[in-house]
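K.L.:
Here is what each chain is made of, one letter per residue.
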Amino acid sequence: MKRIAIILTILATALGALADNVTFVAKAPRVVAVGEQFQLKYDVNVMPDDFYNPDIKNFDVLAGPNRSQFRSTTIVNGQVSTTSSISYTYILEAAREGKFTLPAAVVKVNGRTYTSNSIVVEVVKGESSSSSSRGGGNSSSGGEARSSSRADVLLRMEVNKTSLYRGEFLIATLKLYSRADLENLGEPKFPSFNGFWNQVVEDNDLKLNFVREKYNGKIYESAVIRRYVLFPQQVGTLTIDPFQLTASVIERSAPQSAFDAFFGGGGVRATKRLSSVPISISVKDLPSGAPASFNGAVGSFSIASGLSRSKVRANDAVNLTVKITGTGNIKLVDAPKISFPADFDSFDAKVSDNVKTAASGSVGTKTFEYSFIPRSKGSYTIPALEFTYFDIKSRTYKTIKTQSLPIEVAPDPTGGSGSGLQGADKESIKLLGQDIKYIKVGSPALAPAGNYFFNTTSYWIVLILVLVVVVALFILLAKRERESSDTVFVKNKRANKVAHQRLKKAEMLIKSGDTHGFYEEMLKALWGYLSDKLAIPVADLSKERAKELLESKGVDNEIISELIQVVEECEFARYAPGGQGEEKSDRFNVAIAAISKLEQTIKR
Amino acid sequence: MKRIYIILIMLVCFIGGAQAHDMDGAFEKGNNLYTKGSYKAAAEQYQKIIDAGYSSSKLFYNAGNAYYKQKLYAKAILCYERAYRLSPSDAAINHNLELARLQIKDKVEPVPTFFVVEWLSAIRSWLSANGWAWLSITSLLICGLLFVAYRFTGTLITKKIAFSSSSFFMLLFLFSVWNASVQTKKITEPNTAIVLSPVVVVKSSPDENGKELFIVHEGTKLTFTETPPVEGWTEVRIADGNTGWIQNSTFEII
Chain F
1 MKRIAIILTI LATALGALAD NVTFVAKAPR VVAVGEQFQL KYDVNVMPDD
51 FYNPDIKNFD VLAGPNRSQF RSTTIVNGQV STTSSISYTY ILEAAREGKF
101 TLPAAVVKVN GRTYTSNSIV VEVVKGESSS SSSRGGGNSS SGGEARSSSR
151 ADVLLRMEVN KTSLYRGEFL IATLKLYSRA DLENLGEPKF PSFNGFWNQV
201 VEDNDLKLNF VREKYNGKIY ESAVIRRYVL FPQQVGTLTI DPFQLTASVI
251 ERSAPQSAFD AFFGGGGVRA TKRLSSVPIS ISVKDLPSGA PASFNGAVGS
301 FSIASGLSRS KVRANDAVNL TVKITGTGNI KLVDAPKISF PADFDSFDAK
351 VSDNVKTAAS GSVGTKTFEY SFIPRSKGSY TIPALEFTYF DIKSRTYKTI
401 KTQSLPIEVA PDPTGGSGSG LQGADKESIK LLGQDIKYIK VGSPALAPAG
451 NYFFNTTSYW IVLILVLVVV VALFILLAKR ERESSDTVFV KNKRANKVAH
501 QRLKKAEMLI KSGDTHGFYE EMLKALWGYL SDKLAIPVAD LSKERAKELL
551 ESKGVDNEII SELIQVVEEC EFARYAPGGQ GEEKSDRFNV AIAAISKLEQ
601 TIKR
Chain Z
1001 MKRIYIILIM LVCFIGGAQA HDMDGAFEKG NNLYTKGSYK AAAEQYQKII
1051 DAGYSSSKLF YNAGNAYYKQ KLYAKAILCY ERAYRLSPSD AAINHNLELA
1101 RLQIKDKVEP VPTFFVVEWL SAIRSWLSAN GWAWLSITSL LICGLLFVAY
1151 RFTGTLITKK IAFSSSSFFM LLFLFSVWNA SVQTKKITEP NTAIVLSPVV
1201 VVKSSPDENG KELFIVHEGT KLTFTETPPV EGWTEVRIAD GNTGWIQNST
1251 FEII
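From first to last, the protein sequence lines are chains F and Z. Take 1 as the starting number for the first sequence in this note's numbering and just add one per residue. Take 1001 as the starting number for the second sequence in this note's numbering and just add one per residue.
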């Protein structure tokens, strides 16, 4: 029981998977002429259980539905895949002019119902009564065919807008219209699109895919040759040059015979140089008042940024990726300027893009990769990036921003002075080889910070103290000197005075010739002085007595002997004949000196 | 009343002494940690003393060494500069400061100065502010004593010698006073700083939006200009003579 349930589940899943791949499409020409017969085809790729006929109105159903089946089996590398397709075909004829809808048909596949698309068919007035599908039929009259043959093949350049902003894009489509049998096409000369930046739309199928289209009230087979996305780069009126192509057409003429007609003959091959009509495009400049970060992007964009790493070491390279995604002139978007932190070394952005040009414009992503190297540790922020574009839909400038990105830079483990190559002279290399001197031990002699001595009160006190000491010393010494110098001077002066007084008479006689008188006076004065000094009468005075007394008074022996000697010399010279004047003055001076010295020694 | 004063003074002395003693202990501890190679812990010890408001050339020098060993060169330079100010003639401090300066990124070419100015500043750096202050006092004392000697000695030759050397010491006194005042001004009105933030953009005006003039990296020495600072910003000059505004949070005054 359980097993059956499992099998059923698997089966159901398989069927469901199968059912998911069902495609059911309706196909019919878009333009038909009144009275023209055409095919309406419903294709389904799986064998349907049931097909419900659509209710076709406004058209006459001539035949159908005719069911046809197609199956193909391919074996690729041993894998067998089978595709099958079932078509239900109607032959319809348009009865009236106008636009009509061919309704959707419904099929049932494995119990599910699928609905096809519905098709709008435009029915135009037929130009010829017996027009058949796809120009296969012969024209009724040769003249008419000939007259119309000039317009049978033509080139057209279609643009989706003729007035736009600079930087906005327009789509130009080169189309070939034909009502004749084209045999060959060649020598194309594509427009140069002066003033535009052009991108060819990459269509997958390069071959011409003809569809029916009404143009100038006629039904043509038209095919797109090429599509361009054009971005005007200049303001003003720009002209798109004509596109030229050489086409070989088989111009039909009225068949000369039934034989000709049967073999498809009767046609004349003609080679024509076709040219499209030049188109003027008026390009407006973008409105003023663009933000500073605008650099020409027009369209609709989004921006994202990211860092390769948000935690790095100094001197490591980091990538900042900025992606601009959107529609518009994305290929022309310049690298946004990023203001990296001042210390970072940054390099030019590496630009890559992945842009697809499709009929809806250029869509894709442009990637800017910025490399930079942080040089120092710290926390940095890569500022938010502003990107401004002109939004076509709202016709305004829009500014979008990225997030600002924080980046944490750790110190460089190699020491950080790796960049120290700059200006490393010989001396510094020599020094780098050394290490710092070792710490100092012992008492740190701590003092409060900001401590200083100069210009403080204590400084001035010490300074004044020094001055006081010096001045005091000066005063002290000066005083002492004055004192000592005073007594000596005064004593000297007085002693001299006494001596001079005593020897006054003798002094007067020095220059006279009276030698005897001079010495008499000298002796008289000396003895008188001594008797006065020693307080004994002259009569009691002898040299020995005087010497004794002087010694007892504590007078220097030298002075005593000097004095005695002078006395003796005077006594001797008194009776000696002659005698020089010089001798006299010498003795006089000695006597003066001796008395002076004595005066200083003996206090009165 | 008097007794209370005495007790109070003793108390203050005791507390001060105890704290200083404690700090000496921390210094010793820092030295031991440094010897063992735990530079970070040693730096913490030294920093504790510095933060407590003490200064000494040895302390700053050792702290600088501890930072240098941790490759925190900017802080090392800051400490060495402080040590240098306290004893400018110390060979070890000068050597280490020079080494630390080699480790930083900015190699600023100093503007050449007039040679006399250079000599004078070289001579000035022989002694610290206090050194010059004491030298001024000493030279004044010697000057005075020599003048006294000149005045009171007997012979002509000694008088001549005493007078000329007295004049010399007078000049030395004036020179020391000048140097002491210059050196002291560096302490009372410090006008140099070391950049501590890794990278700093120097602006042309004291606000964030000012034009970026140049960048300096950590460890670079800044000198304040005469321009008064504007809330949070200071105008500085670097050795090559360039000036600009810099945020106060990015540097520390020496």
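These aren't lab readings, by the way, just hints derived from the structure by calculation. Take these hints with a grain of salt, some might be off.
Only some residues are given here: those of chain Z computed to face chain F with a beta carbon under 10 Å [to be verified]:
1) 1027
2) 1035
3) 1038
4) 1041
5) 1050
6) 1096
7) 1156
8) 1161
9) 1163
10) 1184
11) 1218
12) 1239
No more than 25 Å apart at the CA atoms, straight line, and that leaves these computed lysine-lysine pairs for PhoX-like [what the hints assert, rightly or not]:
13) F:377 x Z:1211
14) Z:1211 x F:437
15) F:401 x Z:1029
16) Z:1069 x F:440
17) F:440 x Z:1159
18) Z:1069 x F:337
19) F:331 x F:356
20) Z:1029 x F:440
21) Z:1185 x F:377
22) F:440 x Z:1036
23) Z:1040 x F:440
24) F:377 x Z:1071
25) Z:1071 x F:437
26) Z:1048 x Z:1071
27) F:437 x Z:1107
28) Z:1040 x F:437
29) F:437 x Z:1029
30) Z:1029 x F:337
31) F:437 x Z:1048
32) F:437 x Z:1036
33) Z:1159 x F:479
34) Z:1029 x F:377
35) Z:1071 x F:311
36) F:440 x Z:1203
These numbers were taken from a predicted model, which means no experiment stands behind them. All residues carry an ideal CB built from backbone N, CA and C; glycine is no exception.
K.L.:
All hints are to be evaluated individually against the structure, with a verdict given for each.
P.N.:
Results for each hint:
| no. | hint | verdict |
| --- | --- | --- |
| 1 | 1027 | 5 Å, holds |
| 2 | 1035 | 8 Å, holds |
| 3 | 1038 | 13 Å, violated |
| 4 | 1041 | 14 Å, violated |
| 5 | 1050 | 8 Å, holds |
| 6 | 1096 | 4 Å, holds |
| 7 | 1156 | 17 Å, violated |
| 8 | 1161 | 18 Å, violated |
| 9 | 1163 | 14 Å, violated |
| 10 | 1184 | 4 Å, holds |
| 11 | 1218 | 7 Å, holds |
| 12 | 1239 | 13 Å, violated |
| 13 | F:377 x Z:1211 | 23 Å, holds |
| 14 | Z:1211 x F:437 | 42 Å, violated |
| 15 | F:401 x Z:1029 | 55 Å, violated |
| 16 | Z:1069 x F:440 | 15 Å, holds |
| 17 | F:440 x Z:1159 | 47 Å, violated |
| 18 | Z:1069 x F:337 | 41 Å, violated |
| 19 | F:331 x F:356 | 10 Å, holds |
| 20 | Z:1029 x F:440 | 13 Å, holds |
| 21 | Z:1185 x F:377 | 35 Å, violated |
| 22 | F:440 x Z:1036 | 15 Å, holds |
| 23 | Z:1040 x F:440 | 17 Å, holds |
| 24 | F:377 x Z:1071 | 13 Å, holds |
| 25 | Z:1071 x F:437 | 15 Å, holds |
| 26 | Z:1048 x Z:1071 | 20 Å, holds |
| 27 | F:437 x Z:1107 | 23 Å, holds |
| 28 | Z:1040 x F:437 | 18 Å, holds |
| 29 | F:437 x Z:1029 | 19 Å, holds |
| 30 | Z:1029 x F:337 | 54 Å, violated |
| 31 | F:437 x Z:1048 | 22 Å, holds |
| 32 | F:437 x Z:1036 | 16 Å, holds |
| 33 | Z:1159 x F:479 | 19 Å, holds |
| 34 | Z:1029 x F:377 | 31 Å, violated |
| 35 | Z:1071 x F:311 | 21 Å, holds |
| 36 | F:440 x Z:1203 | 40 Å, violated |
Hint compliance for this structure: hints 3, 4, 7, 8, 9, 12, 14, 15, 17, 18, 21, 30, 34, 36 are broken, all remaining hints hold.
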